[in-house]
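K.L.:
Residue strings, one per chain:
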Amino acid sequence: MPDTTVTAVRKPVARWWEVRQLTALLRAEVLLLLPFVVFLGLFEVYPLVNMGIRSLFDQDGAFTIQNYVNVFTKPQFRTAIRNSLLFASAASLVGGIGGTFVAALAVRLPPRWRNFLLSLYALPMTLSGLVVAFAFIVLLGRNGVLNLIVRRIFALPPTVYFNLYDWPGIVMVYAFFQIPLMTLSMAAVFENLDPSLIEAARNLGARPWQVWRYVVIPVLLPGFLAGMSIQFAGMMGAFGTVLALVGMAKNLLSLQIYSHASESTYNLPQAGALSIVLIAITATALALLSWGARRLARRAA
Amino acid sequence: MARVEVEGLTKRFGRVVAVQDFSLKVEEGELVSLLGPSGCGKTTVLRCIAGFERPDAGRIIVDGQVLNDVPPERRNIGMVFQTYALFPHMTVAENIAFSLMIRGRPREERERVVKEMLELVHLEGMEDRYPHQLSGGQRQRVALARALAMRPKVLLLDEPLSALDAKIREELRGEIRRIQKTLGITTLYVTHDQEEALALSDRVVVMNMGIIEQVGTPAEIYNAPRTSFVARFVGTMNLLQGRFESDGHFVWKGTMFRIRPHPEIRGSREVYLALRPERLKVASLPEQIPPDHNRIPGRVEWVTFLGPIGRLTVRSNEELLQVDLPSDEAVRFPIGSLIWIHFHPESAHLVPKEP
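Protein chains in written order, with this note's numbering: chain Y, 1 to 301; chain E, 302 to 656.
No wet-lab data here; the hints were simulated from the structure.
Computed from a predicted structure; not experimentally measured.
Note that beta-carbon positions come from the ideal geometry of N, C-alpha and C, so glycine has one too.
Hints are supplied without guarantee of correctness; some may be wrong.
Sample of chain E residues facing chain Y (criterion: CB under 10 Å; computed from the structure) [said to hold, decoys possible]:
| id | residue |
| --- | --- |
| 1 | Gly352 |
| 2 | Pro372 |
| 3 | Arg376 |
| 4 | Asn377 |
| 5 | Met380 |
| 6 | Leu387 |
| 7 | Pro389 |
| 8 | Arg404 |
| 9 | Pro407 |
| 10 | Glu410 |
| 11 | Ala448 |
| 12 | Met451 |
| 13 | Pro453 |
| 14 | Leu457 |
| 15 | Asp459 |
Chain Y on its own, in the form it takes in the complex (with noise of 0.2 Å):
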């Protein structure tokens, strides 16, 4: 006969070490975790505030919202923030595009070469933006080793050469940066497409271009919103390569920032209110393009 007087359900109790043992390692993940929350505070909250409100006043002190005004109605700030717009645009579906198109024919290779390229192909987002307007200066620029050599095979006179220092150019430069960043993030959608779904639209009568459009790029494309979003608002912010090429030649919205922080048209206040808007624009459209995104991959999911 089995005892059953004496068992009872005894509940689990932690002892006294126990309890000591689990907060104590609570407290030291968070504080491995305090000085990620000090520098965060200290170089991203602290200075976003501080420049919040400092756009409020003027240069004696005075409150106003002046500065808002003038990014709304000063034809300068205008043209800056239309610029940035179509800038960050261009740049964004060349190198979206650009991006994805190198990523198909990326994941076609066998993957060890597959590998090898792509991290090869990585290797410009690690440069400095002033070298790789440095290089493209030298390849390109007036009188750059590829217009030279152009203009004497064809017998050109000096006045022919690719301006590298108006929009197509710069658009181009950034290509660099955001053609490799894009194929990154492609190669891993396109690894994630199966292949029987091809098989299966054609299966049920869909000629190549078909597959393509009813297919291949819905199941793609909340992928590429996504490696879109990343594209914009790098490009919304785009700075270093472009003042090293056109200095302040051009008007975007980066470089006005930088020109009242600065340069002779110092007023922090008036940069500050630029910044504000530089970036409620792009959550704005990041807003928009992660909403996009999720509502396709919500069905693909």
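Knowing the structure of chain Y, use the given hints to seat chain E on it.
P.N.:
Relative to chain Y, chain E alone:
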């Protein structure tokens, strides 16, 4: 409905021969399974018929028309994939109507077909769900409905149940058979699950290493395997390697067995004797054995409880034999007991030994 003929199909991938000289005729409305271990070439045969692979030799013929040069989208052959391959951005209704949408059929027709198909696979009311909102079994039903929506001449199923749980698998297996019978559609079914192949098929093609080992009805495959591979692959089988003597007896390790003759085995030669575990009987004393039965003495090594039956693993002549008994009978032979296995000559089947 259509007749499918495959003539001398050969397919290589680099230096690997995936399928070699494969020939098969599937009659109208027949369900034929291609059964074999992974890498045996069964899926390659299916993909050649669907048009996803190009044969290196041989012809694919449906209803007298050679399809080798017809692209997959013009073959009108339905296919169901192991991974379902439902379009994730489309609803159930859009998935099912895909083939009709591609062909530019009017909306009323698409809606009618979707409704019909959902009734056929018992998923009424699921039109607006997305694939990720369905269970695995439901997804495969949608995939089946999608493949059938365009009224294909032939239906190909590539391991459609492998990704599902055992219970759903069995249920859906019956559904597939029912639907196939209802529509009378010529069907090729690829599986590595011998039980599935036996349960579903009119005929089974057993494949190994790119070649056909045997073609036959499930009963033929199960009761009269032609090769030792088929005997081992389909169901559980005891294979005794011994000698067929010209006087018609089989000799295994000095013991002589009376057996049923085999049309292809004559003269004295090495053969296998195939014994199904459920065809063997067990007695504790030799006096209990009917006089016309063959007998093998042994010792119970292990007993496995399998629900309705108990499986004895018996050591005899340094080999292990499996014997299936009704559970209540199996408990009478505990581990270690000395027993006699006996069987009627008709219960054994000779299998030629490959050189």
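K.L.:
Taking the closest Cβ pair, is E:Gly352 under 10 Å from chain Y?
P.N.:
E:Gly352 check passes; min Cβ-Cβ to chain Y is 8 Å, inside 10 Å.
K.L.:
Against chain Y, run the beta carbon of E:Met451 and see if the smallest gap drops under 10 Å.
P.N.:
Check passed: Cβ of E:Met451 comes within 7 Å of chain Y, closer than 10 Å.
K.L.:
With chain Y as the partner, please determine if E:Pro453 meets the hint condition of a C-beta pair closer than 10 Å.
P.N.:
9 Å, holds
K.L.:
Is the interface hint satisfied for E:Leu387? The criterion is a beta-carbon contact with chain Y at less than 10 Å.
P.N.:
8 Å, holds
K.L.:
Does the CB of E:Asp459 sit less than 10 Å away from some CB of chain Y?
P.N.:
Holds, because the Cβ-Cβ distance from E:Asp459 to chain Y comes to roughly 9 Å (cut-off 10 Å).
K.L.:
Does E:Pro372 pass the interface check with chain Y, least Cβ-Cβ distance below 10 Å?
P.N.:
This hint holds: E:Pro372 lies near chain Y, its Cβ roughly 8 Å from the closest one there, short of 10 Å.
K.L.:
Answer holds if the nearest beta-carbon of chain Y is closer than 10 Å to that of E:Pro389; otherwise answer violated.
P.N.:
This hint holds: E:Pro389 lies near chain Y, its Cβ roughly 4 Å from the closest one there, short of 10 Å.
K.L.:
Min Cβ distance, E:Leu457 to chain Y: is it shorter than 10 Å?
P.N.:
8 Å, holds
K.L.:
Holds or violated: E:Arg376 as interface residue toward chain Y, Cβ cutoff 10 Å?
P.N.:
8 Å, holds
K.L.:
Grab the minimum C-beta distance from E:Ala448 to chain Y and call the hint holds if it beats 10 Å, violated otherwise.
P.N.:
Result: holds, 8 Å to nearest chain Y Cβ.
K.L.:
Let's test the interface hint: is any C-beta of chain Y closer than 10 Å to that of E:Glu410?
P.N.:
With a closest approach of 15 Å, the E:Glu410 hint is violated.
K.L.:
Should the hint that E:Met380 touches chain Y count as held when the rule is a Cβ pair under 10 Å?
P.N.:
Hint holds; E:Met380 Cβ to chain Y Cβ min 5 Å, cut 10 Å.
Of the numbered hints listed earlier, those contradicted by the structure are 9, 10.
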